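Trainee: Residues per chain are reported as follows:
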Amino acid sequence: MRRFLVLLFIFSAHAQSQQTAQNLFSHYQSALYQIRIIELESGNKSSIGSGFQIDQQGNILTNYHVVSEYVFTPEKYRIEYLSNDGSNGTLALINFDVVNDLALVRKTSTTENEDTFNIANELPGQGETIYSLGNPHDLGMIVVPGTFNGIKKNSFYQRIHFTGAINPGMSGGPVVNALGEVVGVNVATAGNQIGFLIPLNKVQRLAAKHQDEILAIDQFKNNIQQQLMANQAEIITQLQNTTWQKSSLGEASVPTKIGEFLSCWGDSNTNDNEALFLSVENRCRLDEQIFLNGGLRTGGIELEFEWLSGKELGQHRFYSLYSKSLVGAGAGNMATKTDVTNYQCEHNKVINIHQVNSKTILCLRAYKEFDGLYDVLFIGATLDHDQQGLISHFTLAGVAKDSALSFTKQFMDAVAWQ
Amino acid sequence: MAIVLELLSRKNIPLKHYKFEQDYVCVGRDFNNDLRLDDPYVCPSHMLVAIDPESGLLMVNDCQSTNGIKINNKFVTQATLSPNDVIKIGRTHLRIIDTKAPLPRAMPLSELEENLNWLNKAFLAVCLSFLCISYLLLSEYIDSVKEFKLIAVLPAQLGQLALFSLWPLSFAILAKVVKKESHIVNQINLTLLITLVFYVLSLLQKIVVFNVNPGAWFAFIEFVIFGILLSGFIWLSLFIAFHQATKRRNIIALSLSFLILAPLFTFGFLNTGEFDSSPNYDATLLAPAYNFTKAFETEKFIDNSQRLFSKLDKMKKD
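The listed protein sequences derive, respectively, from chains A and B. In this text, residue positions in the first sequence follow UniProt numbering: the first is 1, and each later residue adds one. In this text, residue positions in the second sequence follow UniProt numbering: the first is 1, and each later residue adds one.
Excised from the complex, chain A in its bound form (with noise of 0.2 Å):
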């Protein structure tokens, strides 16, 4: 008797989630929307995402990837909406957030009695059954439950990590609780019914600007630049305040552990049997980056540490490793033509607090658009060995000039001999 209540509640719970999926998709589906960025020139679709009502004035939320198009080429594209019941119209900007991806968009004409979400007050607990609904790749919209795992650790740009299968264009739908509040955004996937979603303090946030104006075609890469400019100096400011924990990589005592949310890897060729040299790499990086649109992401950090050790070799032979080790390092965001200049580099002989002497080559390139943001990109290589010596990398994308030089600074000066 008892299992038989057991598995008499097990059912019951599962047709509970299947009856608030229903419910939630009949109830809410009149205020999802698919969103969509019309080409001018082909009149047709270049990209899709989703979307959500808000409130009665017509505020829409998505990502701001879904609108990234429109807001780098404003003459180029307008942005339409299309609703469950086939109807469609224009949308107008009126503000985004490119840090956390959201984009606030508002209906330009509504009607009497619109639907709409709410959005919760607190997250959900742990474990917690959630729903994400969108539009994957232009089939209609769906439902797809999921479970809430918490805020995704080791990470700088907050993530809600969710179980359950988020898909291309269902970025910007909305993800309910039980009781149909929104508590995130459909973001990103990392395959295998791993997605990431915007949490509910962000989506908040955006969610108070709803009373403002239109926003005015030329403040929007002014938006931007401010937008980045903040957040660099946060970052940089978290990174450069937490110690840097050190531990020794060979003769080296590096810096290992700079700041919670940088997650760190290591390798070496000891298994590699015929190498007359040993290479001990370490290296760290923020796993998540701003995109800004198709071809240009910033906000990255990389930082690697590569111990080299030649005792077979001899100076000659091993200097040429050494030298050819330090080849052919690249940006670690993407960036094209026009959004940035090209590499303007600084080289130099260096000798820092701890008597480390190091070659130091510090590669910058400026944005275009975006006054006072520079990708900046150092490696370095000590030159008191023989036959052994220490490689030192960074990059930082889109920091402010005294971000850079200052953050420089330290991870040069933060290099010592055992």
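To be clear, the hints were calculated from the coordinates, so they are not data collected in a lab. Only a predicted model underlies this, so the values are computations on that prediction, with no experimental measurement involved. By construction, the Cβ of each residue, glycine as well, lies at the ideal position given by its N, Cα and C atoms. Among these hints, one or two may not hold up.
Only pairs whose alpha carbons sit at most 27 Å apart, straight line, appear in this in silico DSS-like list of lysine-lysine [stated by the list, open to error]:
1) B:Lys121 with B:Lys176
2) A:Lys349 with B:Lys311
3) B:Lys121 with A:Lys76
Okay, the calculated beta carbon distance ranges per label pair [as the list claims (entries may be wrong)]:
4) A:Gln29 with B:Met315: 50 to 56 Å
5) B:Pro214 with A:Gln240: 30 to 36 Å
6) B:Ala289 with A:Gln219: 57 to 63 Å
7) B:Ala219 with A:Thr243: 38 to 44 Å
8) A:Thr243 with B:Ala289: 36 to 42 Å
Go by the hints and put chain B onto chain A.
Mentor: Just chain B now, with coordinates in the frame of chain A:
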């Protein structure tokens, strides 16, 4: 009075000359002629060359030939000749030389040619080849990260040496074609010597760049030195191969160097506008034994880096 007829090639290069101690010369395909030409387009009795008894000038007369006589590409039946006129009968080119006209003075013997005699030693060629192959093998050894096997890399390096010898070989063949001495040993020695100089300079360049970290202007200096080396090399190769007037040799050497240098310059210096998503930096690292200059302090490096920002902001505006 003598008449001298010079037989020329199609390109008017002298092939053979005939001297006749008489006042007239008959030219044709017939064996009765003074000068018999084996050319099917020449009539049995084609042309008469004579000295005008009154003026003493040379004259040609057409003997009613089928194809006529052309002087400097113009048909004539009778004409007085001036020096350097090229006469064409049938397909044969001739020049008729006035033995009274004075010849230019002899060219002075070149000091340089005497001074280059030491290049003409086979032993030197052997030594230089040995040096070159040693350098190639050594740099191959230094560049290797895996176990070094001499037998495995030797063929490739010998091949490279053979490739280098294409240049002296082609000059030797060209010299032979224009009936001069080939001077193959001199040419090989010159090529190997220049190659070695080039190797030494490139090693020096590495050491200088690593120690001084000069700006972009240094690449220009390197290019100029390379240009001077290259044009000097071409000039000397020509000097050894052919007996040319200095002006002609200068022009050939300069234009050949220009042909080689112009594309290099275009790619290296004018191509900076192309977008490159990776930085272009100097990765040379040398062992402590080659590290001669003092290092900057971190503070100074950061200060120097400030100028990158103004450079970038300027680039952005362009």
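Trainee: Hey, Lys121 (chain B) versus Lys176 (chain B), does the alpha-carbon distance stay inside 27 Å?
Mentor: holds, 19 Å
Trainee: Does Lys311 (chain B) sit within 27 Å of Lys349 (chain A), going by the straight-line distance between their CA atoms?
Mentor: Roughly 21 Å between the alpha carbons, so the hint for Lys349 (chain A) and Lys311 (chain B) holds.
Trainee: Is the distance from the Cβ of Gln29 (chain A) to the Cβ of Met315 (chain B) consistent with 50 to 56 Å?
Mentor: holds, 52 Å
Trainee: If you check the beta carbons of Ala289 (chain B) and Gln219 (chain A), does the distance land in 57 to 63 Å?
Mentor: holds, 60 Å
Trainee: Does the Cβ-Cβ separation between Pro214 (chain B) and Gln240 (chain A) fall within 30 to 36 Å?
Mentor: Since the Cβ atoms of Pro214 (chain B) and Gln240 (chain A) sit about 33 Å apart, the hinted range of 30 to 36 Å holds.
Trainee: Could you tell me whether the CB distance from Ala219 (chain B) to Thr243 (chain A) stays inside 38 to 44 Å?
Mentor: holds, 43 Å
Trainee: Compare the distance between the alpha carbons of Lys121 (chain B) and Lys76 (chain A) with 27 Å, and conclude whether the hinted pair is satisfied.
Mentor: violated, 75 Å
Trainee: Can the suggested window of 36 to 42 Å be confirmed for the beta-carbon pair Thr243 (chain A) and Ala289 (chain B)?
Mentor: holds, 38 Å
Violation of the numbered hints given earlier is confined to hint 3; every other hint is satisfied by the structure.
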